[in-house]
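Colleague: So you can see what is in the structure, the chains are spelled out below.
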Amino acid sequence: MRRCLRAIVMLAFLLSVLTSMTSGAVREITFWVMPNAPQDTHTAWLDSSIEEFRKETGITVHYEIVGWGDAWNRLVAAITTGEGADVVQIGTTWNPQLAAMKGLARLDPAEYGSAGAFMPANYESATYKGAAYGVPWFAETRCLFYNTDHFTQAKVQPPGTYAELVEVGKALVKARGAGTAIAIAGNQAWDLLHNWAIVLWAFGGDLVSPDFKKATFNGPEGVAAMNWYVDLVRTGLASKACAEYNQPNADAAFINGNVSMAFMGPWNVADIMHDNPSLKYDIVEPPVGPKGRAAFSGGSNLAILAASRKQADAKAWIKFLIRKDTLISYTKDLTHMLPATKEAFADPFFSTGVNRAFKAALEYATAYPPLGVWGSIENDITGEFKAIFTDYVTGQLGPNGVQQHLNTAAQRVDVSLKNER
Amino acid sequence: MRPRRVVQRILLYLAVGLVVTVVLVPYAWMISGSFKETLELQSSDVTVAGLRPTWIPRRPTLRNYREVNTSVPMLAYFRHSILISLGTMAVATVLALMAAYALSRFNFRGREIYTVSVLATQMLPGILFLIPYYLVFTTISRRTGVPLRDTYWGMIFTYTSFALPFSIVMLRSYMNGIPLEIDEQAMIDGCTRTRALWTVIVPLATPGIAAVAIYAFIMAWNEVLFASVLTGRVTRTVSVGIMDYVTATSSNWGGMMAACIVTGIPVLILFTAMQRYIVEGLVAGATKG
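If you read the protein sequences in the order shown, they are chains W and Y.
Residue numbers for the first sequence follow this note's numbering, so the first one is 1 and each next one is one higher.
Residue numbers for the second sequence follow this note's numbering, so the first one is 1 and each next one is one higher.
Honestly, I wouldn't trust all of these hints.
Label-pair ranges, simulated between beta-carbon atoms [claimed, not checked]:
#1 W:T60 x Y:T206: 25 to 33 angstroms
#2 W:E244 x Y:V16: 28 to 36 angstroms
#3 W:T60 x Y:P57: 20 to 28 angstroms
#4 W:G395 x Y:R142: 56 to 64 angstroms
Worth flagging that the hints you see were computed from the coordinates, not collected in a lab.
A quick note: this is a predicted structure, and the numbers were derived from the prediction, not measured.
Glycine included, C-beta positions come from ideal geometry on N, C-alpha and C.
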């Protein structure tokens, strides 16, 4: 028994010695990336890029594709223990939250070009209290897709303003039937706020005050913007089923030809090619509201965990990923997102065809405020947004219902903002 | 047959039919959905006659089955799930058997406290253990250089620790129903305590052991929370990997349903074959003791 115990101790000692001897010799980092493309093409791209990077730098990258549903738990566990990954992909709204948890390494934008090298809203999303804790990787924004056959049938032109969109919608309903003008995301959408925020901004409202101290979306502009959104269903331009849709439901309704318009992202261009290549469509920028034009800026950033012991190698990998040729290849050929660096965005591909609208929209797109408490703020607003839809569907949304729900959300957001340190 | 009995029988069948319907309808919908295009599933609209969800696919397709392993490496996930679940089943069953035997046959100080402590671990929500497990894995890896996260052994260790409490209690109840005299007779005939366990008690406890084994297997097969954090490229399981069909920007429900069916069939066959033991073991474990 004693001999057996001694053998186990010796083996463990030998293993730890061997590990410590080898760990200094090999340059390796771990990269957590989300499923940004179908796994077969994604892994092929990652494998070849990692090999190219290894040849250039001698650094080996071990990657793991982490689903969006698991990613938050994973990141929190990694931040708490200081183990797991060196470089991570994070959603733009997660960046300040994780920075507030002191989980991310502070980065110098100059090492990656400069702050001005990135699309402005995307760079802002990578900051927390003025300092950079991430590097913008790829961007997304949403534009108005419309079915050209349906528009020809209804003898209408793509809308330039939100008021025109309603008028065009009425003509489409007259020509094709109730609920067929537009599909919108509803209760099941995790990104419901993304769709409403652009209307809110175009109507002159904002989510929080410039000093991030108070919720402002429950003002008259916010109520008007919310009424405009809910009225799409209330007036029959969108089907009542939209109240329970998520964004992919709305996308599918457009791609299947059920409806004539939908606010969708650049990745949907690939979906159309895959699922319904005969669909006749075009894309225009989001309509102009009473106070101007607005677009939402989202996407993903790259960050280095603060506990990573391989900061230099991690930075080298990020520089490789945002390099012009690598980034164009990743966005144009694989993910169908938009590059977050201006250099890659200057590629002619992003200025031609259906991409023009996205490029134009991203120029003036707005990101959410870079707050550590943004997660709870988004939940507060989305929760009441969903309650508005539920009340409407169940016939309980009174004349002041929208205002009341927005006030409730604003009270909660004010509490969350007080927790922002 | 008396009219009252006829009515009772009809009500019984109606109740059974209702329960079976409630249980089976989601599975039937899954089978139907696996033959539909994702576009058809996604774009359905209950308010429009031509777009309402239907049981019979409008444009039946086998594409979801053909591509089940294309965009998501589902067969690799299946292999990982099988290895981890079988490993958990084997380790948990052997350990539970020995622990249950000791609790059933020996009187030692702290026996009841031990049993209550084992059960008490089941009363806390699993999420509380997530970070501690991650820390334990990390510490062991740092100190010994032996990786545990994203390894089969790490996952088997984790799931065994989850399966053991209930397995021990269930098996102890079953063993309490086997008369102590049988052990004594075996030992009078010359068996050692260990041999009596393996050659006499284990065969008698087969239904209970089978129930515990199946419980451990199901627990490991279905677990999501810990798998989402502790597995990785090498060990990602079906229960977590199935969500790969849904990304931030798209939801391939058709593919997901086809994958559920493909990966579920072998397990369904296993359960059908073991059904008798499961019922027998669970019922006996619940009532004996």
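Colleague: The structure should be examined with respect to each hint, and the outcome stated for every one.
Modeller: Hints and how they fare:
1. W:T60 x Y:T206: 25 to 33 angstroms: This hint is violated: roughly 50 angstroms between Cβ atoms.
2. W:E244 x Y:V16: 28 to 36 angstroms: Between E244 of chain W and V16 of chain Y, where Cβ atoms are some 33 angstroms apart, the hint holds.
3. W:T60 x Y:P57: 20 to 28 angstroms: 46 angstroms, violated
4. W:G395 x Y:R142: 56 to 64 angstroms: 60 angstroms, holds
The structure fails to meet hints 1 and 3 from the earlier list, while all remaining hints are met.
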